[in-house]
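2 protein chains.
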Amino acid sequence: MAALYDVAAIGNAIVDVIAPADDDFLAREGLAKGAMTLIDEPRAHVLYERMAQAVETSGGSAANTIAGVASLGARAHYIGKVAEDPLGEIFAHDIRAIGANYETAPLTGGPATARCLINVTPDGERTMCTYLGASVRLEPADVIEDDIANAEILYLEGYLFDPPKARAAFARAAAIARGAGRKIALSLSDAFVVERHRADLLAFIDAEVDILLANEVEAMALFGARSLGTILDAVSGRVAIAAVTRSAEGSIILADGEMIVIDAARALRLVDTTGAGDQYAAGFLVGLAHRRPLAECGALGSLAAAEVIDHFGPRPQRPLAELAMEQGLI
Amino acid sequence: MAALYDVAAIGNAIVDVIAPADDDFLAREGLAKGAMTLIDEPRAHVLYERMAQAVETSGGSAANTIAGVASLGARAHYIGKVAEDPLGEIFAHDIRAIGANYETAPLTGGPATARCLINVTPDGERTMCTYLGASVRLEPADVIEDDIANAEILYLEGYLFDPPKARAAFARAAAIARGAGRKIALSLSDAFVVERHRADLLAFIDAEVDILLANEVEAMALFGARSLGTILDAVSGRVAIAAVTRSAEGSIILADGEMIVIDAARALRLVDTTGAGDQYAAGFLVGLAHRRPLAECGALGSLAAAEVIDHFGPRPQRPLAELAMEQGLI
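These protein sequence lines are chains C and W, in that order.
Take 996 as the starting number for the first sequence in our numbering and just add one per residue.
Take 996 as the starting number for the second sequence in our numbering and just add one per residue.
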């Protein structure tokens, strides 16, 4: 059956609050640099009080990827829960404005829209503290069967392994996609997510996942590998395709027992790495949905990641389809 | 009496919603490119619906200037009205986080925090539509006598000439500053503001203003001048100091019947001109408060303006004091 969407994704619907910070600030607040820490609402207020002047922008890992997919001109659908509040309106506006389909009913009478407090150090590295709020109220009923069955690729973010209801929604979506003969892609999201759920993640990957996306720290944590060289063996037979991002070193794609090395694309400058992995996933998945060779999928990923690191915020500011056309990639 | 603040400012407290747009979008929406148009709440909702994926950031002309003043390491105080809502919290957080003093009580039970919908075209020009909301509920009682009397310079934005209560607050602040022997600076804000209130603005300038800030379009509109060359005559005898900004051409400073030409500082790239005039005002006023020669005041203004146009958003992202020190300006 012809697909209605190239990619459908499920994730935590989050608004980002992004501010510059220095390493001393991270130390004083006890924050693990580069990681994502879950925080409760009182802690979110205290931390926000102490943060510098910020910029607010729609975020959420899979939502950022879906924004990138839409920006590349592909057909994108998103499922995630916001509250019926001003930040929820901002989230819904932005993902629709970039061209994605988004219909999940907002939560009423519960916690507020999720926020991710992101402190960006001068090296461009982002350290995230997330108050999950309404996003964890996503439940299986929010996963509409037709939407999943009609997408070439179902994309799931590893962050959804934390909240139990969301994990149930995740399992339901995977079953629908599997039943419809679609591909299932998973992002590991964060090394601490891998540590918290390693056995469950491996079981889910073995049972359901065709395409695995991770950065090298997450991939090594998942497979207990000491070096990148041993990951190829670990991946073989587990998933058909794995893409492992390596920041400025580019990425590697593992498939059919082979390793393809992809260069990073040059960014105008390095301002904020927030969303780089999400945008790599966008380019890579659009390439796969369009049946492009793996090296071109990786190049599309690199192009999308390079666009997003030269400004504050996790989503593309320039239409990725135009950039990809300029570079002959689509 | 020694001053507690270098600059105290009164303005419309606004949160900016910034999105890219093309010229066709402006034409379809009937928007005058580069201008600020006042809109009501229903129109704000419709326009927001049609805008692209946006970024939210604290704004407001005089508030941006105060953020720049604080970023330059000078002592800054701000007076402006937000509502007790999430956007109001963002505004209050950001202006305090950058180091300014801000104590105006938020409005309860009235309209929401003001929003400025800003469409940025590929040439970096910004076209603004403002829903004034709670900001126009600023009233004379919000102007605390001690704060104004203790600031070297009182800075007023021309936008406050639109709402009657705010204009009354404006007049009260000017009277306090005058009584305390302080300097009064005025920004013309917008050519349409000048057209709407030309006679009142001229009367206010003659009676109260020591320092006038304007771009060349606003200055020519105010004085009915056909060219920049005739503005010097028009200004002489009216205000002691006038600074007229000219975008990429830099600025001119008019004082004591002379004209000083100031070059624009080079920006890394031109992304979004929102806040360029506000930041020029910040540098210029800090220079004046610190009794620097006028050419150095202008150079500080150019430096601050160059920082803000290379990214989306109207406030500095890098500490201006560091940039000014690198360039030997402070």
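Rather than coming from a laboratory, the hints here were simulated on the basis of the structure.
Any given hint could turn out to be false.
[Claimed, not checked] Distance windows between CB atoms, simulated:
hint, chain 1, residue 1, chain 2, residue 2, range
1, C, 1028, W, 1195, 25 to 33 Å
2, C, 997, W, 1091, 49 to 57 Å
3, W, 1265, C, 1135, 47 to 55 Å
4, W, 1104, C, 1322, 51 to 59 Å
5, W, 1317, C, 1190, 47 to 55 Å
6, C, 1117, W, 1100, 47 to 55 Å
7, C, 1134, W, 1105, 46 to 54 Å
8, W, 1173, C, 1030, 50 to 58 Å
9, C, 1117, W, 1288, 45 to 53 Å
10, W, 1317, C, 1030, 22 to 30 Å
11, C, 1022, W, 1105, 54 to 62 Å
12, C, 1028, W, 1018, 41 to 49 Å
13, W, 1091, C, 1190, 46 to 54 Å
14, C, 1322, W, 1045, 29 to 37 Å
[What the hints assert, rightly or not] The following residues of chain C were derived to be distant from chain W, with all beta-carbon distances above 12 Å:
hint, residue
15, 1019
16, 1030
17, 1048
18, 1159
19, 1225
20, 1264
[What the hints assert, rightly or not] Coverage of chain C stretches by chain W, computed from C-beta distances (three or more under 8 Å per stretch; other residues unrestricted):
hint, segment
21, 1035-1047
22, 1076-1082
23, 1275-1285
24, 1291-1305
A virtual CB, placed ideally from N, CA and C, is assigned to each residue, including glycine.
Okay, the segment 1291-1305 of chain C and chain W, do three or more residues pass the C-beta test at under 8 Å? With 0 residues close enough to chain W, the hint is violated.
Using the C-beta atoms of residue 1091 (chain W) and residue 1190 (chain C), is the stated range 46 to 54 Å upheld? 37 Å, violated
For the range 47 to 55 Å, tell me whether the beta carbons of residue 1265 (chain W) and residue 1135 (chain C) fit it or not. About 49 Å separates the Cβ atoms of residue 1265 (chain W) and residue 1135 (chain C), which means 47 to 55 Å holds.
Please count how many residues of the segment 1035-1047 of chain C have a CB within 8 Å of a CB from chain W and say whether that reaches 3. Held - the segment 1035-1047 of chain C has 4 residues with a Cβ nearer than 8 Å to chain W, which meets the minimum of three.
Is the nearest CB of chain W more than 12 Å from the CB of residue 1048 (chain C)? 4 Å, violated
Non-interface claim for residue 1225 (chain C): all C-beta distances to chain W beyond 12 Å? Non-interface label on residue 1225 (chain C) holds, nearest chain W Cβ at 40 Å vs cutoff 12 Å.
Apply the coverage criterion to the segment 1076-1082 of chain C and chain W: a residue qualifies when its Cβ sits closer than 8 Å to a Cβ of the chain, and three qualifying residues are needed. holds (count 3)
Grab the minimum beta-carbon distance between residue 1159 (chain C) and chain W and tell me whether it stays above 12 Å. Holds, since 28 Å exceeds 12 Å.
Residue count check for the segment 1275-1285 of chain C against chain W: does it reach three with CB-CB under 8 Å? violated (count 0)
Nearest-CB test (12 Å) between chain W and residue 1264 (chain C): Label violated. Min Cβ-Cβ 8 Å, cutoff 12 Å.
Assuming the hint says 41 to 49 Å, is it satisfied by the Cβ distance from residue 1028 (chain C) to residue 1018 (chain W) or not? Since the Cβ atoms of residue 1028 (chain C) and residue 1018 (chain W) sit about 43 Å apart, the hinted range of 41 to 49 Å holds.
For residue 1030 (chain C), is the shortest beta carbon distance to chain W beyond 12 Å? Holds, since 23 Å exceeds 12 Å.
Hints 1, 5, 6, 7, 9, 11, 13, 17, 20, 23 and 24, counting from the list given before, are not met by this structure.
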